[in-house]
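Asks: Fit chain B to the supplied structure of chain A, relying on the hints for placement.
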Amino acid sequence: MIETKAPERATTGRPAVRMSSVSKVYGSGDRAVTALDGVSVDLPRGGFTAVMGPSGSGKSTFLHCAAGLDRPTSGTVLLGGTDLSALDEKRLTAVRRERIGFVFQAYNLVPSLTVEQNVELPLLLGAGAPDPAWRRHVVERVGLADRLGHRPAQLSGGQQQRVAIARALITRPDVVLADEPTGALDSRTGRQVLELLRDVVDGTGQTVLMVTHDPLAASYADQVVFLRDGRLAGSLAGPSPEAIAERMTQLGEW
Amino acid sequence: MRKLALASIRHRLGGFAGVFVAVLCASALLTALGVLFESGLRAGVAPQRYAGAAVVVSGPSSLPAAQDLDVPLSERAPLPADAVARVAAVPGVARAVGESSAPVVVPGEPGAVALGWSSASLTPLALRDGVEPRGPGEVVLDAALADRVGARVGDRPPLAFGGAPEPHVVTGVAAATGVDTGRRPALFLTDEQARARSGRPDQVDVVGVLAAPGVDPDDLADRVRAALTGLGAEVRTGAARGDAEFTDVGRVRSELVVLTLAFAGTTLLVAVLVVAGTLGLSIRQRARELALLRAVAATPGQVHRLVGAEVLITAGAAAVLGAGPGFAAAHLMRDAFAGAGLLPADFALELSPLPPLAAVLLVVATARVAGWFAARRAASAPPVDALREASVEPAGLGRARVVSGQASLALGLGVATTPLFMPGQLGAAAAASSALLLVIGAALLGPLLVGRVARSLARPLRALSPVGGHLAVEGVAANARRLATVVTPMVLAVATASVQLFTQTTVSAAAAAQADDGVVADFVVSGPAGLAPEVTEAIRAVPGVRQATPVVRSQVFAAAVVLGDPQVTAYAAQGLPAGGFGDTLDLRPREGDLTALRGDAAAPGAAAAATIGVGVGDRVDLRLGDGTAVRPTVVALYDRGLGFGDVTLPRDVLAAHTTTRLDHSVLVLTDGSAGPGLAALAERFPGLAVQDRAAVEAAGQAGRDAQSWTSLIALLVVLGYLAISVVNTLVMATVERSREFALLRLVGTGRRQVVRMTRVEALLVVGIAVVVGTAAATPALIGVSIGLTGSPLPSVPPLAYLAIVGVTALLGFAAVGIPTRLALRARPVDVIGVRG
Numbered sequence: 011m012i013e014t015k016a017p018e019r020a021t022t023g024r025p026a027v028r029m030s031s032v033s034k035v036y037g038s039g040d041r042a043v044t045a046l047d048g049v050s051v052d053l054p055r056g057g058f059t060a061v062m063g064p065s066g067s068g069k070s071t072f073l074h075c076a077a078g079l080d081r082p083t084s085g086t087v088l089l090g091g092t093d094l095s096a097l098d099e100k101r102l103t104a105v106r107r108e109r110i111g112f113v114f115q116a117y118n119l120v121p122s123l124t125v126e127q128n129v130e131l132p133l134l135l136g137a138g139a140p141d142p143a144w145r146r147h148v149v150e151r152v153g154l155a156d157r158l159g160h161r162p163a164q165l166s167g168g169q170q171q172r173v174a175i176a177r178a179l180i181t182r183p184d185v186v187l188a189d190e191p192t193g194a195l196d197s198r199t200g201r202q203v204l205e206l207l208r209d210v211v212d213g214t215g216q217t218v219l220m221v222t223h224d225p226l227a228a229s230y231a232d233q234v235v236f237l238r239d240g241r242l243a244g245s246l247a248g249p250s251p252e253a254i255a256e257r258m259t260q261l262g263e264w
Numbered sequence: 010m011r012k013l014a015l016a017s018i019r020h021r022l023g024g025f026a027g028v029f030v031a032v033l034c035a036s037a038l039l040t041a042l043g044v045l046f047e048s049g050l051r052a053g054v055a056p057q058r059y060a061g062a063a064v065v066v067s068g069p070s071s072l073p074a075a076q077d078l079d080v081p082l083s084e085r086a087p088l089p090a091d092a093v094a095r096v097a098a099v100p101g102v103a104r105a106v107g108e109s110s111a112p113v114v115v116p117g118e119p120g121a122v123a124l125g126w127s128s129a130s131l132t133p134l135a136l137r138d139g140v141e142p143r144g145p146g147e148v149v150l151d152a153a154l155a156d157r158v159g160a161r162v163g164d165r166p167p168l169a170f171g172g173a174p175e176p177h178v179v180t181g182v183a184a185a186t187g188v189d190t191g192r193r194p195a196l197f198l199t200d201e202q203a204r205a206r207s208g209r210p211d212q213v214d215v216v217g218v219l220a221a222p223g224v225d226p227d228d229l230a231d232r233v234r235a236a237l238t239g240l241g242a243e244v245r246t247g248a249a250r251g252d253a254e255f256t257d258v259g260r261v262r263s264e265l266v267v268l269t270l271a272f273a274g275t276t277l278l279v280a281v282l283v284v285a286g287t288l289g290l291s292i293r294q295r296a297r298e299l300a301l302l303r304a305v306a307a308t309p310g311q312v313h314r315l316v317g318a319e320v321l322i323t324a325g326a327a328a329v330l331g332a333g334p335g336f337a338a339a340h341l342m343r344d345a346f347a348g349a350g351l352l353p354a355d356f357a358l359e360l361s362p363l364p365p366l367a368a369v370l371l372v373v374a375t376a377r378v379a380g381w382f383a384a385r386r387a388a389s390a391p392p393v394d395a396l397r398e399a400s401v402e403p404a405g406l407g408r409a410r411v412v413s414g415q416a417s418l419a420l421g422l423g424v425a426t427t428p429l430f431m432p433g434q435l436g437a438a439a440a441a442s443s444a445l446l447l448v449i450g451a452a453l454l455g456p457l458l459v460g461r462v463a464r465s466l467a468r469p470l471r472a473l474s475p476v477g478g479h480l481a482v483e484g485v486a487a488n489a490r491r492l493a494t495v496v497t498p499m500v501l502a503v504a505t506a507s508v509q510l511f512t513q514t515t516v517s518a519a520a521a522a523q524a525d526d527g528v529v530a531d532f533v534v535s536g537p538a539g540l541a542p543e544v545t546e547a548i549r550a551v552p553g554v555r556q557a558t559p560v561v562r563s564q565v566f567a568a569a570v571v572l573g574d575p576q577v578t579a580y581a582a583q584g585l586p587a588g589g590f591g592d593t594l595d596l597r598p599r600e601g602d603l604t605a606l607r608g609d610a611a612a613p614g615a616a617a618a619a620t621i622g623v624g625v626g627d628r629v630d631l632r633l634g635d636g637t638a639v640r641p642t643v644v645a646l647y648d649r650g651l652g653f654g655d656v657t658l659p660r661d662v663l664a665a666h667t668t669t670r671l672d673h674s675v676l677v678l679t680d681g682s683a684g685p686g687l688a689a690l691a692e693r694f695p696g697l698a699v700q701d702r703a704a705v706e707a708a709g710q711a712g713r714d715a716q717s718w719t720s721l722i723a724l725l726v727v728l729g730y731l732a733i734s735v736v737n738t739l740v741m742a743t744v745e746r747s748r749e750f751a752l753l754r755l756v757g758t759g760r761r762q763v764v765r766m767t768r769v770e771a772l773l774v775v776g777i778a779v780v781v782g783t784a785a786a787t788p789a790l791i792g793v794s795i796g797l798t799g800s801p802l803p804s805v806p807p808l809a810y811l812a813i814v815g816v817t818a819l820l821g822f823a824a825v826g827i828p829t830r831l832a833l834r835a836r837p838v839d840v841i842g843v844r845g
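Residue numbers (the numbering used here), protein chains in the order written: chain A, 11 to 264; chain B, 10 to 845.
The hints are simulated quantities; they were obtained by calculation from the structure and are not laboratory data.
Computed from a prediction, not measured in an experiment: that's the story for all the values here.
In this text, a Cβ means the ideal position worked out from N, Cα and C, and glycines have one as well.
Careful: at least some of the hints might be erroneous.
[Claimed, not checked] Computed beta-carbon distance windows for the label pairs:
| hint | chain 1 | residue 1 | chain 2 | residue 2 | range |
| --- | --- | --- | --- | --- | --- |
| 1 | B | Ala337 | A | Arg182 | 51 to 59 Å |
| 2 | B | Leu802 | A | Gly37 | 38 to 46 Å |
| 3 | B | Leu15 | A | Gly138 | 19 to 27 Å |
| 4 | A | Gly153 | B | Leu15 | 51 to 59 Å |
Chain A extracted, bound-state conformation (with noise of 0.2 Å):
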């Protein structure tokens, strides 16, 4: 278990992803890799949580478990009250679809969609009506309503990552994931994605998890879980970048 503070906004009860123990082992035999390793956190309804680790901490791993992305080997995901673990593949998809948002590092979009069926994506597949003024509210926020006709092609990397933020909200998901989001970015297109999820999270009440390997992008965040060789390496609530940096050259490599 973390300790940790709860956000201002946070509402209390149940945490908006709970993972019980959970191991992942890729492979059997001597061939076998255990990614994850009995890993339990709670991630805080309403709260924007960071995952880092050197590269093969298990971080991926994590996020893909706690998404629905992947199974674990062993241990529970809870998703506001579902056990992810207990849903097969067609059910699983239907919660990503309706109650977890995804902001990966690059592709992010189809590139033959408009930016405006790109953020409608999940709705097309599925998900559920539009809401027109949640979806007015959603791309004002990312700040692309004059962009909906263009294609992902015509847009900058920046711009491209405000689109799949933006598809991310637009079932109001519980919980929005976000994979390196910056890590194929310049840090001034970095930090005005990172300041729009800080600003989700803020203004909407939205949970956030990213993963990252940059203690700055991590900072954002209210508090930063460390991963090493799949185990939990302890965490730190509303740091600096310069305590993640220290925190993470205690860990080893990054």
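Replies: Quick look at chain B alone, frame taken from chain A:
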């Protein structure tokens, strides 16, 4: 889903263009085959001389086969003369005309026929000039014939009925109004003369029926049919009357059906492989996009529906558009077949919406199923794997794929050995099909094969081109799956072309060699419309002639049970005079005694005997050329069946059941002094050709030639489709790599090094295709050769093989080189920058 699918098609026009082209061509090709098939079933040539007959009755034109297509008879089956009276007695019949015919040699007019004057009423023909024939030596010419040879009433043209010309006087010229009668030149004798000249006065060729006014032809046909039960007579009305008038049309129609069916299998297989391959390639190019959809929460079903919608839209449009070119292709093939002599020049195609409809349904369904399989990996893999996998090639092949690939290879090799247990045509046909099985196996195991070959060739290629070779080997090994898709149609092309082409060259070469070795005679005498017995007599009378052997050629039919399935097969047959031909002809007897070939006896070739399942001393059930059943005793077996015909019967038995009853040729053995005497015969018998033994044509060679030309044409069409798909897949695969090329250029690879790399890759691809294709064809060819000629060595003309290899290589290099150059034209930075 449709919205997504349309957006995705619009965005990736390039990727879908490949699928579009593949499907369009498949649809066109299948439409063309469908049109030819339907024409074989229903089309024909409109009746000319029978235009005025309401109903035309003829003997059976085919042998019914239990579960198969009817086998067309090679000779006209006559009707007994009393059938005319039976038809005449049917209510509604105004007049029944029994027609007798005889082939007649009119100088400059091949294929002319002499008929009785009463036949003129069937058109009807009216005398334009002069009077009708009243006795022997009098003749009325059809106006078309008279105009062509420039004959007028009172002229005395020499007419020959298989022998010496006899003087005839033209008493009249008859013309029809509104009907063109020029297809087969005709002249008219008195009815008695025609019957006598036909050689079978107690039989008639057809009975033409003139209906009483107001009688419906179809009702009348039903009554006629009822009146003739038991004769096996065929009663025709409308356009079908043309089949009775022109027996060649009826025969080629069934040949057309057989041919299109034979090629339908290959074509369908090729279409499935090509469409599936192209779709696989296009879907693999979008793996990342599909993975993203899965991660963003599309269910596997939704991915399938998306791909399905894309495929249905693309393939549907392409298939419908392919129907038009399909009709055009059918007409081109018709013209080509007519040029090769399979179809009469005036054979009209039957055009109906059915063939394109069937082609569209078939192709779209194929594409849909292929699309489902191609999308399976993207749809069902966990999205994380998909995201990870999308950038790299998926590793191994599925177990099921490997197992079925190996099974297909094993089955193919097994089938190729069939001729060892089942000699003759049937075993050879089975062996030929082994190539397809081997190609399917190679296609399934393709990625493994390509990777392994690339790695084993790494060293020499690196020596050839240090940078380009190295990159190419790495690229081929890493992208084995993509390249396998490209290699498969090329392998198929090489294998199909080799098997089809070299089967024919093997058979023709063996037949020619047998005929050449087997004819011991010095001269071969033949005539344009056959030779009457008097020609043989005249030859025997020439000083210096030691022996003259008349030969009749026809076909016989025998049933054989193949894998529990009774099949009727046609065999080339020759008729030889009872007893003495030993010095003119060497059939290379294997067993029994050929001099015992007289009366109720038969001698089949060893291969045919094995297929039918008879040996010396057995009785063999045969149908002669006109369908008559006989049951002679096998007295001998011989080896040179390909050169001289699969079955030898006594001349008189065979000749009595041919349309003309004339000899095909006479083999002449001399003491060396008969040359001038024989040459002088040509003056007595117009059109007579006296040639030395080198001119001997193997039995059935003319038919074989027409057949191999037609197969060659059909093969060329299929290969053309394959060529298009080879270019198609190669262009798709190369365009996909513009980013890879840009990256190579950015890290400092020279433009020429990239070009050289792709050239080495193309070399590898072409090399693998040629080697694997040849390997897939070899067991089939060895099997075919053993089955048909007894020798395991097929006859492969080196030039033909080089042509196959050359065309494959040319296609491969062009299809890789041109798009590579185009891709390299763009600035690498722009290419890298566009996506992201």
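Asks: Hint by hint, say whether it matches the structure.
Replies: Taking the hints in turn, this is what the structure says about them:
no. : hint                               : verdict
1   : Ala337(B) to Arg182(A): 51 to 59 Å : 58 Å, holds
2   : Leu802(B) to Gly37(A): 38 to 46 Å  : 53 Å, violated
3   : Leu15(B) to Gly138(A): 19 to 27 Å  : 23 Å, holds
4   : Gly153(A) to Leu15(B): 51 to 59 Å  : 29 Å, violated
The structure does not agree with the numbered hints 2 and 4 stated previously, though it agrees with the rest.
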